[in-house]
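Those protein sequences? They're chains C and B, same order as listed. Heads up: the first sequence is residues 1 to 243, going by the numbering used here. Heads up: the second sequence is residues 1 to 173, going by the numbering used here.
No lab work stands behind these hints: they were computed from the structure. Among these hints, one or two may not hold up.
What the hints assert, rightly or not - Reference listing, derived: stretches of chain C covered by chain B, where coverage requires no fewer than 3 residues with Cβ under 8 Å from a Cβ of chain B:
{"id": "1", "region": "54-63"}
{"id": "2", "region": "97-103"}
{"id": "3", "region": "106-112"}
{"id": "4", "region": "116-123"}
{"id": "5", "region": "172-185"}
{"id": "6", "region": "214-224"}
Unchecked claim - Just some of the chain B residues that point at chain C, by a computed CB distance under 10 Å:
{"id": "7", "residue": "Arg66"}
{"id": "8", "residue": "Thr67"}
{"id": "9", "residue": "Ile75"}
{"id": "10", "residue": "Arg134"}
Don't be surprised by glycine CBs; every beta carbon is placed ideally from N, CA and C.
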Amino acid sequence: MSYEVKLDIFEGPLDLLLYLIRKNELDIYNIPMALVTEQYLAHLEMMKALNLDMAGEYLVLAATLIHIKSKLLLPVEEGQGEGEEEADPRAELVRQLLEYQAFKEVALNLDKRKLLDRDVFKRIQPVEEVPEEPEDPMVEVSLFELIEAFKQVVERMDKEELLEIDTERISLSDRINEILEELSQQKSLSFTDMLKTSRTRKSIVYTLLAILELMKMRVVRAFQADPFGPIRIFPAVEESSDG
Amino acid sequence: MDDLRAVVEALVFASEIPLSVERLKDVLAEPDRKAILEILQDIELEYRQRNGGLCLMEVAGGYQFRTKTDYAPWIKKLRGIRPVPLSPAAMETLSVVAYRQPVTRQEIEKIRGVDVSGSLKGLLEKKLTRIVGRKNVPGKPIMYGTTKRFLEVFDLKDLSELPTLREITEMEE
Numbered sequence: 001m002s003y004e005v006k007l008d009i010f011e012g013p014l015d016l017l018l019y020l021i022r023k024n025e026l027d028i029y030n031i032p033m034a035l036v037t038e039q040y041l042a043h044l045e046m047m048k049a050l051n052l053d054m055a056g057e058y059l060v061l062a063a064t065l066i067h068i069k070s071k072l073l074l075p076v077e078e079g080q081g082e083g084e085e086e087a088d089p090r091a092e093l094v095r096q097l098l099e100y101q102a103f104k105e106v107a108l109n110l111d112k113r114k115l116l117d118r119d120v121f122k123r124i125q126p127v128e129e130v131p132e133e134p135e136d137p138m139v140e141v142s143l144f145e146l147i148e149a150f151k152q153v154v155e156r157m158d159k160e161e162l163l164e165i166d167t168e169r170i171s172l173s174d175r176i177n178e179i180l181e182e183l184s185q186q187k188s189l190s191f192t193d194m195l196k197t198s199r200t201r202k203s204i205v206y207t208l209l210a211i212l213e214l215m216k217m218r219v220v221r222a223f224q225a226d227p228f229g230p231i232r233i234f235p236a237v238e239e240s241s242d243g
Numbered sequence: 001m002d003d004l005r006a007v008v009e010a011l012v013f014a015s016e017i018p019l020s021v022e023r024l025k026d027v028l029a030e031p032d033r034k035a036i037l038e039i040l041q042d043i044e045l046e047y048r049q050r051n052g053g054l055c056l057m058e059v060a061g062g063y064q065f066r067t068k069t070d071y072a073p074w075i076k077k078l079r080g081i082r083p084v085p086l087s088p089a090a091m092e093t094l095s096v097v098a099y100r101q102p103v104t105r106q107e108i109e110k111i112r113g114v115d116v117s118g119s120l121k122g123l124l125e126k127k128l129t130r131i132v133g134r135k136n137v138p139g140k141p142i143m144y145g146t147t148k149r150f151l152e153v154f155d156l157k158d159l160s161e162l163p164t165l166r167e168i169t170e171m172e173e
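Can you make the complete structure from the sequences, with help from the hints?
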C-alpha cells in the first residue's frame, strides 16, 4: 500500500491527526484507528527521512494511537456495563481533537479581523531619537553574581528601615509586569537601581524574584561590562522568536 | 450640539490611545453619557458615508480613527514596512490564552499538544499577553492573560466580543 504523504509543516501532532481525518473524510467520533495510526506513522517516517525537526510530542501521540488501537483489539469485558460510550478508548482523544480544532478555528478567525498595522492603521506617535551610547563589551552575568550584588544592596540598606512593618501588599506578577513595562521604555535597567527603588526588604526580595523569574523565562538577560561593574538587565530580544 | 460634535472629533483625533466615553465625559465636562455616545455614533456614520480614507472604530474600550482596510497597501508603502504576521503557532497559543485566561503554560500545552514556551515568549514581548498571577497549585505556575493591546490590535471592543467557541461549549453541556 502506498500513501500520498503531505509534508506541510503541521502545527503539532494533533494538527497532523486532524489533517489525516479530514483527508480521509473520516468521522471524528468514529475514527478507524488502524488506518489513522498507519498513516500517522508513515508521516513520521517521512519527516524523519527528510530530517525535519520532529518534536517528541509527535512520538507521544504515536504511542497513544498504538495504545488505543491495541485496546480496541481486546475483547470487551462483559459485566462492566457502564455503557459503551464511556468505555470507548478513543473518547479522550476525540475530546482533545475537538477542543484543538475549535481553537484552530478561532485562530483563523482572529487572523481575519482588521488587524492594526496590517489592515488598518492609526496615527503614529513620533519616537524620540535616543542617541546611541558607545557600547562596552558586555558579559552575561551568572546567578551567583546576581546574588552577590543583591547581598551588597541589602547590606547597604539602613538597618532601621529593615524593621519597618510592611503593610503594602505586593504580588510577584505585578512586579514582573512593572519590570517589563520599565524595560520597554528604557531599554536596560541597572540591577542595583532596581533594588534600591524598593523600600522594604520584602519588596527587594520580590524584585529579585521577579528578575530571576524573567531570566528563567528567557525574557530578560543580565549583563556586566567589567568584573564587579554594575549589572544591567536587558530584554532578551530575538526578532524571529515566534515559534 | 454641532459644536460639541466638532470637539469630540478633534479629541478622538488628538488622543494617543482609543478614547473612552468616560474620558470624553471628563474632558468635556458633559455628564450625559448617552449624548456623547450618540455623537460618536453620528461621527462614525458620517465617516462611513463619506468616501474618505478614515473610519471611526470602537476598540479596546474606546474610539479611534483608523484608516480603511482598502488603503493598507499605500500606508505600508509610505511607512516602508512589511508587517511581520504572527505565525499560526503564535495565533493558536494566543487564541487559547484569550479564551481560557487566566491560563498556565501547561494548560495551553495540553490543548495544543506542543511545547508553547517559544510562542508564549513572543506574545509576551509583543505585549499581546501578560502575566496575570500564579495558580494556587503545586509549583505555583504563572498564569497568562491578554492585554489591552491585544484588543487594540485585533479590533475588539472587549473580550466579550470574541466569538463563542461552538464545539467546546456544546461538549461541556
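Checked hints:
Closer than 8 Å: that is the beta-carbon criterion, and the region 54-63 of chain C has 3 residues meeting it against chain B, so the requirement of 3 holds. Under the rule that three or more residues need a Cβ within less than 8 Å of chain B, the assignment of the region 97-103 of chain C holds, with 6 such residues. Note: the region 106-112 of chain C has 6 residues with beta-carbon separation from chain B under 8 Å; the three-residue rule is met and the coverage holds. For the region 116-123 of chain C, the stated coverage by chain B is satisfied: 8 residues place a CB nearer than 8 Å to a CB of that chain, which reaches the threshold of 3.
As drawn, the region 172-185 of chain C meets chain B at 6 residues by the rule of a beta-carbon pair under 8 Å; at three or more, the given contact holds. Only when three residues or more bring their CB closer than 8 Å to a CB of chain B does the claim for the region 214-224 of chain C stand; here the count is 3, and the claim holds. Proximity of Arg66 of chain B to chain C holds as hinted, the smallest CB-CB distance being about 4 Å (cut-off 10 Å). With 10 Å as the threshold, the beta carbon of Thr67 of chain B comes within range of chain C, its nearest partner Cβ sitting at about 5 Å, so the hint holds.
Residue-level restraint check for Ile75 of chain B holds (minimum Cβ-Cβ distance to chain C is 5 Å; threshold 10 Å). Annotation: Arg134 of chain B was flagged as interfacial toward chain C, and the flag holds, the nearest CB pair being 6 Å apart, inside 10 Å.
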